[in-house]
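*Asks:* Protein chains in written order, with this note's numbering: chain A, 1 to 303; chain B, 1001 to 1508; chain C, 2001 to 2333; chain D, 3001 to 3333.
FYI, nobody ran anything at the bench for these hints, they're computed from the structure. Don't be surprised by glycine CBs; every beta carbon is placed ideally from N, CA and C. Some hints could be false.
[Stated by the list, open to error] Quick list of in silico lysine-lysine cross-link-like pairs, DSS-like style, CA-CA up to 27 Å:
| hint | chain 1 | residue 1 | chain 2 | residue 2 |
| --- | --- | --- | --- | --- |
| 1 | B | 1172 | C | 2325 |
| 2 | A | 156 | A | 223 |
| 3 | C | 2325 | B | 1281 |
| 4 | A | 292 | A | 223 |
| 5 | B | 1328 | D | 3195 |
| 6 | D | 3195 | B | 1487 |
| 7 | A | 8 | A | 292 |
| 8 | B | 1351 | C | 2325 |
| 9 | D | 3195 | B | 1351 |
| 10 | B | 1122 | C | 2195 |
| 11 | A | 101 | A | 25 |
| 12 | B | 1487 | B | 1288 |
[Said to hold, decoys possible] Which chain D residues stay away from chain C? Per the calculated CB distances, all over 12 Å, these:
| hint | residue |
| --- | --- |
| 13 | 3048 |
| 14 | 3054 |
| 15 | 3114 |
| 16 | 3129 |
| 17 | 3141 |
| 18 | 3183 |
| 19 | 3272 |
| 20 | 3298 |
| 21 | 3314 |
| 22 | 3324 |
[Stated by the list, open to error] A partial selection of chain B residues facing chain D, derived with a Cβ cut-off under 10 Å:
| hint | residue |
| --- | --- |
| 23 | 1354 |
| 24 | 1367 |
| 25 | 1422 |
| 26 | 1426 |
| 27 | 1445 |
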Amino acid sequence: SAQYKDLKVGAIYMDAQGFYAGVRKGIQAGATDAGRKLEIIETNAQGDVSKESSFIDSLISAGVQAIIVSPVSADGSYRAIQRAHDAGIPVVCYNTCLGEKDMKEFVSAYAVGDPFDFGFKLGNAAAEYFLAEKKDAPKIGVLNCEFVEVCVIRRKGFEEALKAKVPGAQIVANQEGATLDKAVSVASTMLSSHPDLDAFFGEAGGATLGAARAVKSQGRVGKTVVFGGDMTTEIAQELVDFTVIKAVVDISGQGLGKLALAQAIKSIDGQAPADIKVPYEIDLYNTAESGKAWLEAHSDGIP
Amino acid sequence: MMNTAASQSPERTIIASIDGCTKRYPGVLALDNASFDVAAGEVRALLGKNGAGKSTLIRMLTGAEVPDTGTVRIGGEELTQSGSARAQEAFSKGVRVVYQELSLVPGMTLAENLFLGRWPRKAGILSYAEMETQAQEAMARLGLDLPPSRLVTGLSPAERQLLEIARVLLGKPRLVILDEPTSSLAAAEAEKVMTAVKRVASEGIAVIYVSHRMNEIRRISQSATVMRDGRIIDTVDVAGADTREIVRLMLGSEAAQAAKLETKTRESVVLEVAQLALAPKLSSISFKLRQGEVLGIAGLLGSGRTELLQAIMGVTSFDRGTVSVDGKPVGRPNYRRMLDAGFGYTPESRKEEGIVPLLGVDENTVSTNFFTVSSYGVLSARRMADATRRVIQRLHVKTAETDTPIGTLSGGNQQKVVIGRWVHANSRILLLDEPTRGVDVEAKAQIYAIIRQLAAEGRSIIFVSSEIEELPLVCDRVVVLREGTLKEEFTSPDIDQDAVMAACIVGH
Amino acid sequence: MSMEQAAKTPASAQRRRGGFTQHMNEISLFVAIAVLYIVFTATAGGFMTFNNQINILRDAATIGIAAWAATLIIISGEIDVSVGPMVAFISVALAYLLQWGVPTPIAFVFAIAIGAALASIAGILRAYFDVPSFVATLGLWSALRGTALFVTDALPVSIGRNDIVDMLDRPVLGVPPAAIIMLALFAVFAFVSRKTAFGRSVFAIGGNPHAAFLSGINVSRIRVALFAIAGAMAAVSGILLLSRLGSGNATAASGLEFDVIAAVVVGGTALSGGRGSMLGTLLGVLVITLIGNGLVLLGINPFFQQVVRGLIIVIAVLANIQAIKRGAARNKG
Amino acid sequence: MSMEQAAKTPASAQRRRGGFTQHMNEISLFVAIAVLYIVFTATAGGFMTFNNQINILRDAATIGIAAWAATLIIISGEIDVSVGPMVAFISVALAYLLQWGVPTPIAFVFAIAIGAALASIAGILRAYFDVPSFVATLGLWSALRGTALFVTDALPVSIGRNDIVDMLDRPVLGVPPAAIIMLALFAVFAFVSRKTAFGRSVFAIGGNPHAAFLSGINVSRIRVALFAIAGAMAAVSGILLLSRLGSGNATAASGLEFDVIAAVVVGGTALSGGRGSMLGTLLGVLVITLIGNGLVLLGINPFFQQVVRGLIIVIAVLANIQAIKRGAARNKG
Ligand SMILES: Nc1ncnc2c1ncn2[C@@H]1O[C@H](COP(=O)(O)OP(=O)(O)OP(=O)(O)O)[C@@H](O)[C@H]1O
Ligand SMILES: Nc1ncnc2c1ncn2[C@@H]1O[C@H](COP(=O)(O)OP(=O)(O)OP(=O)(O)O)[C@@H](O)[C@H]1O
Ligand SMILES: [Mg+2]
Ligand SMILES: [Mg+2]
């Protein structure tokens, strides 16, 4: 029966971030769990739709049974995914996907931690923190990764949740800072231009950690705090420290990878989920203890 | 004795004229209110020291540059365009030029170079067949027997020069300008050029001929225009004027007599080359160089003199043979090891291989030996200036400061620095390849004197020159390189120009 | 060390047009391609399928179309590092034009004109203001990518259904139009570079700009024209990109300039100018594309693929240079 | 168009070393910096604070340290595009060394040695195998970035508490050590480039490699040394990066090579070799850093910042070239 057949699956990671190492581990673990021998053909689109498109074509040629992909762009990636779909290869989105209509047409399943929810949960946590600190007009600097669409949605979620509870909250700066080094430099500069900054919102891992580093090196511990996305060992350590980072939301790469593979196997076996969107739990870490727990669960550092 | 050539022949038809032209370059007045004309069928020599303004005058005629003031007329019509259109304009009026600096494209074929920018085409498509037939003919006229589809890259400097001359004879020229066409040629090849020039003139084409070689000028031109410091000094009837007089006009003062040759070679052999072979040019070269001796090497174009020097220096590797210094074989020569052994080498192309134009005279001088002007790798400005000044004084280099960029010096002075750097390095064996190429009479005489002086100090020198007439002035001994070996030997004072020449071309 | 090593390129190495050493380069690339085919066929599943060969052609088109123009630019002694952003920018500009209802063929013409005009800014800076082309195109690189991202907020610009655009992505007898266009343009460029005054002037300018100027070649105008052509070719790539993705994307074609330059130099064109061939570039494009495709099919770790690509570029150029040298040495005897 | 424009660089423009036109370049950069200061002080809140000035210095260090070595490389007529990946690679390698318990000072020495050794591979390829330095360092660029990403899975490599590393990020009298190291290295490089046989040989090689070789300068060895030095400087940057980020990051320093080359050429060093100055590069680094800092403070859209940077690089180089030309013209009289 199908259960014992080898799997040949194509996986495309969106860009060079540690998150995708987790996804890969998740896919492999998922295969082991399902008792299948897995051949995985993986590529990295480097955030470029044109590369992604050519990779998908290559994967079609390679005769993979399913493609697991985090599309770079909702509108930009549909053509290639359509080609895979037309070639009879089920496509499973994770993390990001196509627009609603295209998704229904071409995608078998979408393992998702909704980016709006992602921002929303963090916005809530931030709002609670500000209410507890009795700051009704906090000033917030954003370190963004808005060259990819999800990050824009994350910020929208964040803003909505925050403004709902703390209407006086205000985003006073929004600059790109997706890689750690860039984030440190930009966050430091923001602290110069806004000495009264109350918090940073890091839209992704590099931004979150970079903001924390900048707060420490600029001697602003206790005055400026950080809320951000994406767990890594270092962010968890900062959270355990609990002086700068106050809350982190995270979609586990491993968990998402596992889920995506499970959906892929189902799709290969002709049992695609009725509802394409398969939600994945977004975790909120807002205490030192939760940070410690994360570290224990991820001793190899892969998120 | 002297009368203006222009007044002689009333029926002259003026092909090109310059009227009251002035041209400034940063810091120099290269052309100072110059007026000049040349007529059909005339071969006009243009004489002057390095930097007198000859090339600048030529650039006016060819439209390569626009004069600051004054007008240029070709065939009675004034040049009006500017930029590259001006050169086109002059070209369409029949001006052709061989520039002093090489203007070939190495990566293209001979045929393509001959027609550079004006390739024959049919319906916009280049016609290689036609191009190559025409090229073959044009080259044959100068006795250049090379396949037109060959790349320029492999040509010797002399072959390149002939190719450039072949280029200007294409089409329908009215004025042909040759800026030092023979400076890189040996006598026999220079002969070919002069024959070609005479034929061109006889077809009613005006020729302007720049050269530092007086005997050539006497043979082909009727009148000579002398320039000095950007000004036209006079136009003289060549047949009627004696060389001393013309040189005086060029220099503005009496020329120094060439130093009398005093030979006192010592017996010890410093360099011995035995059975050296380097395919395809050198088959078996053996000679000895003694201390304090100036050994001249004569030979034809492509006889392989440059290759011989480069092989000895280890710049190129040879196939067989031994090189011994002070009686000890050096094994495979390696350039740096040869320098350490006390050798010094000056290349034949000063611009491409001799100087670093942007750097000062000082740095161009001391680069052969930084040790004496530095401690622990740190240069001492004072010691550098002192060392440079010593070289400048000994070699009579004309330069404003020790750190003037060498690119701004005249050719002769650049050459003196290139030799002077080995004086700074205290080299005892100097291999000089064409050290007087493109250098004016005054500087030439100074370079001869320098070479004799260095020999008198006990240094040994190999002197390669294509100007056979200068060999007796400098060398203690002359050997002739022919067919891959050293054939004849002449010893001072019995170095006879004609005999050397004959030895060079026997069998040709 | 010999003199040649001190010089920037072993110019003396190449003795005859179309001669042995010129072919040496192309032969060694042919061999490399053959080896790659054998290795990938044996090891990478699906490599030899018709579909995959078509994919290779399609991928080659992205690099190739830009590489033809880049070859001429590099032969003329210049460099253009703005290709990637130019392609992305044009795809965005074209998408907007289509959104505004400009008829498709006219929008294509506009797109090509915009590409040529923008690139010729770099050409003018180089030709008339002596700004090194690396600096001028680096400025363009930054400005174009920035503008495209700024205008679109990094979001794709959708064009909806458009028959002409869609047609450009629909295979003709199994062959994608992009590949056909690439090969047609190759023929044009190969012809221009060898058989027209313009093409030979480019070689002359690269080999000796001074001599080219003195012999009446309009050096400045040709330089500007070269960049304008490169812009137009980038625009063609941009149009094809739009048809492939169905939208204009400011983030697309990132790093394309590296692939293009790598293909050109792997193809044996000298960065110092004056020497190169279109056939070499075609082979270079194939090498680069084959490696990219094969490594993906083999399922090599994507990061490790970068390592392999870096090594292969260096090895290809190294082998090429050694082949030319050996050829020259053999010619001597 | 005049003859000079046909040539690659207006070499004849600069008549005297250390003369008027050389200073012209530096004066125009000083003016540019002064203007930037005035504009940003007036418009960008927090620009003139002590803290921000320190930030500028710290950011300058990242570009500067690599730019000193790059200046020498470009003066010698070569180019190095591998800086960014090299910095990231070293930060990762160092983080692993520290994880494995190598004593910190020894790990630093190792890191610098690794940087020098890897970069000298590119130098050897250039000096002894005639591979153009652009190709050699492009290969290195790809290989180093790929290796670093592959080994770390793009995850930061944590080093935990490390007093020596932390010290490197702790300001001394308000001044970050990175800035002090940058300025100290500047002094060393300025001295070496002007007062040592090595430095002058670099100029000679850039001005005319043939002539330099024939006058006995060991061209090959100096070329290798230059790349080794660049590798060592990138390693120093890598160490400082590690101290600033607290971890080794394979994705860090992306695009640094562009900033470095931009700073060098904005500083007036000619890409064609033979001409340039350390002071120019220092000013170029300041210009690039100031612009980056000011635009962030002003809250300009980050995509638009790219546009501004592109324009400024071109304008700076253009102004510089014009200033030199005008200086030369004025010298005429
Ligand atoms: N492009 C230029 N830029 C600056 N100065 C120049 C330039 N060309 C020539 N000069 C200067 O103009 C003067 C006249 O030079 P020109 O080349 O006309 O002399 P020449 O008589 O041809 O000398 P030679 O015998 O050495 O060829 C010299 O001082 C030279 O340095
Ligand atoms: N295109 C070139 N590139 C590099 N070196 C060259 C080139 N052409 C010639 N040479 C070198 O210059 C030397 C000149 O050789 P040539 O055939 O002119 O012999 P020669 O006896 O030195 O002649 P000449 O009378 O010109 O001095 C050759 O040995 C060669 O090494
Ligand atoms: Mg002259
Ligand atoms: Mg010679």
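*Asks:* Okay, which hints does this one fail, numbers in order?
*Replies:* 1, 5, 6, 7, 11, 16, 17, 19, 21, 22, 26 and 27
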